[in-house]
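Throw the hints in and build the complete structure from the sequences for me.
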Amino acid sequence: MRDKLLSAWGRFTAIKSGWVVAAMLVLAVLAAISASRLKVTMRWSDLLPLEDPMVQEFDRIIKEYTNASNSIIVVQGPEHRIKEFAEAIVPKVESLTEYVERVDYRIDEDFLRQHGFMLAKAKDLKKTVGVFSDLNLIPLLTHINDNFEETYIADEEALSTKEKEDDAVRYLDGLQFWLQVMDRYVSNLHGGNSALADSAVDRFLIGDPYFISQDKKVLLIMVEPTFSIMEIDIAVASTDSIQAVLDRTLPEFPEVQAGLTGNIPLQRDEMVYSTKDLRTTSVVALALVLLFFILSFRMWTAPLLAGVNLILAIIIAAGVGAIFLDSLNIMTSMFAVILIGLGIDYSIHIISVYNERRVLGEDPPAAMQQTLLRSGAGIITGGITTSAAFFTLMIASSRGIKEMGLILGLGIVSAMITTLAALPAFLVLRERLVGRIRHWPPRPVSVEFKVLERFGEQQSRKPVLFLIIGILLTSFFVYQALHAKFDYNYLNMEPKGLVSVELQETMIEAFDLSPDFAMMTTSSIEESREIAEKAKKVASISLVESISEYVPSGSQQEKRSVHLQKIRHYLETNTTDRDLSENNLSGLIEQLERLDMNIYELGQLAFTGGQDKVDEKCKQIVGDPENPDDGSSILQLADRLRDNPESAASGLNLFQKQYTSPLREKAYEMANPQAIHLGMLPETIKKRFMNRDGNRFLITMYPKEMVWDFEFLRIFTRQLERIDPRISGTPPLMLRLIDYIGRDGLRATLLTILVVLLFLWLDFRSLKMALMAMIPLIAGGFWMVGLMKTFGMMFTLVNLMGVPMIVGIGIDDGVHLLHRYRVEGLTKTPIVLKSTGKAIMLTSITTMVGFGSLMLAKYRGFGSLGSLLVLGVFACFMTTVLLLPSIVGIMTRKGNS
Amino acid sequence: MKLKAFTPLIFSAGLFCAGSAGAQTNPITADTIIQRVTRVMNPAQSKGKMKMTITTTSKKTRTFVYLAYAKNHGEKTLMKYLEPSRVKGQAILMLNNADDIWVYFPRTRRVRKLATHAKKQKMEGSDFSYEDMGAGDAFIDEFESRLLGEEKKQGKLCYELELTRKPKSTSGYSKLVMWVDKESFVPLVIDYYHDDDSTLLEKELVCGNIEIIDDIPTPMQVVMYNKLDRTQTSMELVEVSYKVDLEDDLFTERGMKK
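In order, the protein sequence lines correspond to chains A and B.
Sequential numbering from 1 applies to the first sequence in our numbering.
Sequential numbering from 1001 applies to the second sequence in our numbering.
Derived by calculation from the structure, the hints in this document are not laboratory data.
Each hint should be verified, as a subset may be incorrect.
Below, computed lysine-lysine pairings styled on DSS-like, alpha-carbon distance capped at 25 Å [stated by the list, open to error]:
| hint | chain 1 | residue 1 | chain 2 | residue 2 |
| --- | --- | --- | --- | --- |
| 1 | B | K1113 | A | K127 |
| 2 | B | K1168 | A | K216 |
| 3 | A | K83 | A | K216 |
| 4 | A | K534 | B | K1168 |
| 5 | A | K217 | B | K1059 |
| 6 | A | K619 | B | K1060 |
| 7 | A | K619 | B | K1166 |
| 8 | B | K1175 | A | K534 |
| 9 | A | K164 | B | K1059 |
| 10 | B | K1059 | A | K216 |
| 11 | B | K1088 | A | K619 |
| 12 | A | K619 | B | K1113 |
| 13 | B | K1060 | A | K164 |
| 14 | A | K534 | B | K1166 |
| 15 | A | K537 | B | K1156 |
| 16 | A | K164 | B | K1113 |
| 17 | A | K485 | B | K1227 |
| 18 | B | K1060 | A | K536 |
| 19 | A | K537 | B | K1088 |
| 20 | A | K121 | B | K1113 |
| 21 | A | K126 | B | K1113 |
| 22 | B | K1088 | A | K536 |
Written as structure tokens, this is what we have:
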């Protein structure tokens, strides 16, 4: 029945080739219209099941909070220049109102100026109160020393967490700036105006307002978008616009380097590179496949027609796929390249047999009739088996594998249909056309590979030897396969040298902060506080951002208010200014020396305690104890006071005069005892943490290391789960994805093998033959993984998805060989290998060429898949020609004996 | 700063003889094993030179060499840094099982008292904390012990014990799993589980290179792996002596400055 239909169809396409081509073109146009609405997304979360609660939470946060998506400008260079650069570029970035909601590059100064002390812990406030009891320089320094000793020397716990270590560094930084300003007044380098004293007060009370690293060489500018990262086109346009602003501004700051990172630029880079890659690799794949085709068949136009046929298949698959899918993901975006590698096989069979028939002198309709009769059944069996294998992947729970199964299944069916419908019509039309132009029909060529025939002869003579070689090689690769490793670092899948990735590492080095944050929402500020407090104690978390930081609890505010009232009382009552003179400078020198000792001791404790940041900061102030030439800036200041007391006292009196008033006013304002409530927060802070309805509060938790080190990712995610199982974000999602893919990959591979076996059983009507056809596939699987290990390759999140694919692809070789044995007889190995061996070699090479083009991709994830598939196809071909004929040979001998 | 200076490294056979477990006629119980471990880990007096390598917050390694003196089963401990030169002469005195800690800085000639109380805290940037080695009777007082069986570690047959935190315990660990060498009663490996998650392995201590010093089996190398911070601290015993008579005067402010 099938043969009759194929034969009739072959004749029909040859006679009505114009109609068939026209019909296919109409179908392609309709499919193209449908496919045009398909988008491409490179978000890893799109590979996960939609119904997963963590994915739902992630998507909800991304939609509701635009600041869950971000762009970060990382500026590097000398301190004053990077600050100038920030001041210059921020207004320009802010002017991109279409894309930019807000730019943060300084702390929320206004709010801090009004309520700063209310945000400090009662324990710390209690120690700080004394500092404001007398603002004159000597008592101020005395109280700073008292406070300093109580906080950092007498309490070892003060440095025991990263947050506390950072606080210590900030405190020291403010103190260092204060001392530097004092030094300038002593040296008469103050310039006369009070701005310098004012800035010392700000730095002392609030700290460095910029988001700047401890070594002052890296500055961050956070750009909050008006859109969510899900709006990919806008993400690309936004990143390009900000990059253009950077490119225009950077020439004015030759010492400054600046680049973009954060999830939006990373998403943009992934999109741009992957789109370019897919375009390039598709063209290269098609060109190489056709080139190989042309060289092998020594024909020009027929292979080009096979290429057109493939393009039709891809368009139709995409068009039909668009009915079921809204977008192509990281995996499915590669379907065109994969289809080129796979779909060309069918064309090879058709063109090969058609040429043979034409060489035999048959006219086109008869030759096409015979062609479909002889190779149509194989194509249909192969197509149905492979597509069934792909469709089986749809049982997976992860969208990545599920959608890949769908689109590749559709692609194979589509390639099968166009090869049986369009290609025969193309071939006949081509002959007619060439005949009209040249007045004689093209001369068909038949190509033979004698090597395979000779190999088959050797195998027929010594099947046991070849089987032993096959078993030894397979054993070696099984051993290797068992030692294969997984590379969990998704950044290793990104293009090399990507600025957005490199800057992530810069951020981690400079700030102990990775931009790949985790997040969750809560229904109250109290819940946020509870979660944030838990998160702050977690070793793998570097920074926790929560609205609770800005709205302390009622009891906290009550306790703090007592100290704030005391501070205000001091500031209101102790207003006597006492000038310094040569006579009382010794008191100041004494306090400076005490401060030097305190900072030195703190540095020593930090050194033995391994707290490098604090140690480094202390060294900046009191010198490196290991370098005798590096003196203490405090002791140098004390020396200057001793050397020139008169001038020093005069300078310090001016300093005292200029700082007391702003210090009193600003500290008074900051010591506002009025309770803070949600309504008092400025909109900028509210927007960062609250959703549009104002009933959910966002908490973000930044890991302190690169989360793509799997061991750290596991620890970080485990600790997040302990804080609250609802926590989402890229790191936990990635771990979830690894779990899904591991589970799905195994399940899908096993099920695909079963489905393939079932189809083969039905096709061969013999379980023994079906199982035999599976041997090269199973052995090939081990060869593939073993070869990967041998070449130093690892499994990745992307190429792991290729494993179930190879089941669908690799089975074809064994099926074709066994089909031919059935036709030729089990003793005809040389003939089988000469003819079918040639075909499977050609199809394997074209498939490898197609997949191999993925290895040219800059996006290394695609490359890892390409490499795996190339090795997989090679392995399946090798195991097919090495193991199957040997087994058949031994079976034949047994049968004969 | 909670760890007795070199409690982890000084295991005194004191009241038991090596190999005595094998001579037991009755099956040994978990409680007996823990009592013996505790005795091993609390020597009467000791003096030693140690090398400690820590991982700093920026993931660099830093090595310190110091002299350590302990008295009254570790109740009094004094550490004096020898290397690197930056901390030479710096001393740490811990009294009352490290409830009171003082630090002496030779450059400023000041002695500062560090007020601290948390048992869970890191000692000197290391991954050790005071209770990690069961200083005092912590293993007995804070945990219920259970013998899980026997297992080989480092080629030696060990008792495998599970220590579960008692309800009113103040320990910073919910559970310990310990492999104790059947012959020497030295714990070769101790796994420390997180304070509020008994399935989360927080730290792992590995003792190796056991030598008999003054008739006492002593691990010359101890490494603590912090599984959460992904850092490690190794302590090497360069020299040690248990047959010493340390004056009380050594464990004073004057002793720190000597």
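- Structure versus earlier hints - violations, ascending order: Violated hints (numbers, rising): 2, 7, 15, 19, 22; every other hint is consistent with the structure.
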